[in-house]
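Visitor: Now for the letters of each chain:
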Amino acid sequence: MSRFSRDRRGVSVTVGYVLMLAVAGLLLGVLLTAGGGLLQGQSEQVVDDELTVIGSQLAANIHEADRLAQVAHDDANTTAATGSVELDVELPQRVAGTGYRIEIRNGTISLLTSNPTLNVTVRYPETTVPVETVDSGGQLDGGDLRIVYETPPAGSPVEAGRLEVRG
Amino acid sequence: MADVSPDSDSPTDRGQLLLVTALALAVLLVTVALLLNTAIFTENVATRETTADGRAAIELRGEAVTAVDDLIETENRVGGGDPGDVESAVDAMGPLVDRERARHGTIGNLSRNGSATPGRLLRWTNPDTARPFDDPGASWRLVDSLAESRAFTVELTDVRSLTDPSGTVIENQAFGVRFVNDTAGNRTLYLYEDGGRLIVERATETTPPSQQCAIDAGSGTMTVDLSGDRLSTTETTVDCYRGLWPDDSPDAIEFRNGDAADGTFSLTVDDGAVPIADPDVRDDPAVYAVTVDISYTSQDLAFETTVRVAPGEPR
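Respectively, the protein sequence lines represent chains X and Y.
Under this note's numbering, think of the first position of the first sequence as 1, with each following residue one higher.
Under this note's numbering, think of the first position of the second sequence as 1, with each following residue one higher.
It should be emphasised that the hints constitute simulated quantities derived from the structure, not laboratory data.
Each hint should be verified, as a subset may be incorrect.
Calculated from the model, a selection of chain X residues having no Cβ within reach of chain Y, i.e. all distances over 10 Å [claimed, not checked]: (1) Q45; (2) V85; (3) G97; (4) T117; (5) N119; (6) A160; (7) E164.
Quick list of the computed label-pair ranges, beta carbon to beta carbon [unchecked claim]: (8) Y:R99 with X:A80: 45 to 55 Å; (9) Y:D70 with X:G137: 44 to 54 Å; (10) Y:R197 with X:T121: 46 to 56 Å.
Derived, one-sided and incomplete: chain Y residues facing chain X with beta-carbon distance under 10 Å [stated by the list, open to error]: (11) T50; (12) T51; (13) D293.
All C-beta atoms in this analysis are idealised placements derived from N, C-alpha and C, irrespective of residue type, glycine included.
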């Protein structure tokens, strides 16, 4: 008993060890939590930026297709022949590792992701030829798109045509 | 001292926490690196030209139309206005366009769509010699039964001066070009000089003359491009913004008060039109129009259109 009471080694080592583990665990936990939060924030920022760029790319291509469609329409009205435009838009299928969906409505392109939950909108200049999406539910999967236009019957106003965006 | 040596009873239990955390941190850092990579790529893409080459397609169309335009003009001016010549030339142009576009890594195609449309080219008998517009009379009908007309220009070497004239004076004394329309009514353009400027005024059957356009007369010939809505001299050109050619296609064209101007004219009309039978007016066969198919295909764009080329046709 006296020998045990004199021996302080076990107590100090055990307590020290436990304390060390606790402090280290706390420290590492805080580090991981902070790192995770930072990652989440940065991830959202990167996805937001990339969706904005994708939206701008799509807007520029819609504008380009509209310009070509107007030329084809003007020509078709004097010849009664059919003109057409097919324009491929190369877009990534995933942004920062997550899929996204595209919705085009009323001069606005909406790009939506579910993880993280984001909705980025990009407006495009008003087109002479109306734009519509060919899909179910008004949304397209992210990835390569094709904008298709065919001139309406000769004599029709330019608004009678459609710029169809297909997935 | 506690035994922390590797050969103790449970040597593998030590450092697990550190190991797991280190792994977690490593994953975090790799993810951050990937995100950074994505961000850099995004910035890169954002500054790139990412639209399809629609500009090249429109350029091809424009160049093809200009070439066929020149072809028709040249044929009408020096070739006798034979539609067969224009058809052969357009057919020969197709492979050249194809070859030229191939140099740019794209496919371009130009082909004729049907036959060329014949027409008539009306001018003075001596087309380059200016003379008064008063023969066969002060006011006379140049062409009747018009369905289509284009490239109507009047080049004036001399035009009557009127100083601040009233509507009646203009109608009675100024040189005029009348576009007769049996349903929409007539429209007359009066041209006169006032204070060194060529003035163009427009009158209808119900409205008095009102100024549409003007240009400094200068010292040389004044060109009135009626179908192109432009006035020009050797020094300058003025766009009249659709103020000259009537909105409704005319059924006939007349000159009024022809003794008030000297000059030449040129007008291309459809084959069914009936020009005046007069020894001073020359009526030559001409090519009125030709229709061509133009297509442009690149890696990300396919553009097809059919264009009716009729140089100088009103807008």
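Visitor: Does each hint fit the structure? Answer for all of them.
Guide: Checked hints:
1. Q45: Violated, because the least Cβ-Cβ distance between X:Q45 and chain Y comes to about 8 Å, which does not exceed 10 Å.
2. V85: violated (5 Å)
3. G97: Violated, since 8 Å does not exceed 10 Å.
4. T117: Check passes; 17 Å lies beyond 10 Å.
5. N119: Given that every Cβ of chain Y is farther than 10 Å from that of X:N119, nearest at about 18 Å, it holds.
6. A160: Fine: 17 Å to the nearest Cβ keeps X:A160 off the interface.
7. E164: Label holds. Min Cβ-Cβ 14 Å, cutoff 10 Å.
8. Y:R99 with X:A80: 45 to 55 Å: violated (30 Å)
9. Y:D70 with X:G137: 44 to 54 Å: Between Y:D70 and X:G137, where Cβ atoms are some 52 Å apart, the hint holds.
10. Y:R197 with X:T121: 46 to 56 Å: holds (54 Å)
11. T50: holds (5 Å)
12. T51: holds (5 Å)
13. D293: The hint holds - Y:D293 has a Cβ within 10 Å of chain X, the shortest such distance being about 7 Å.
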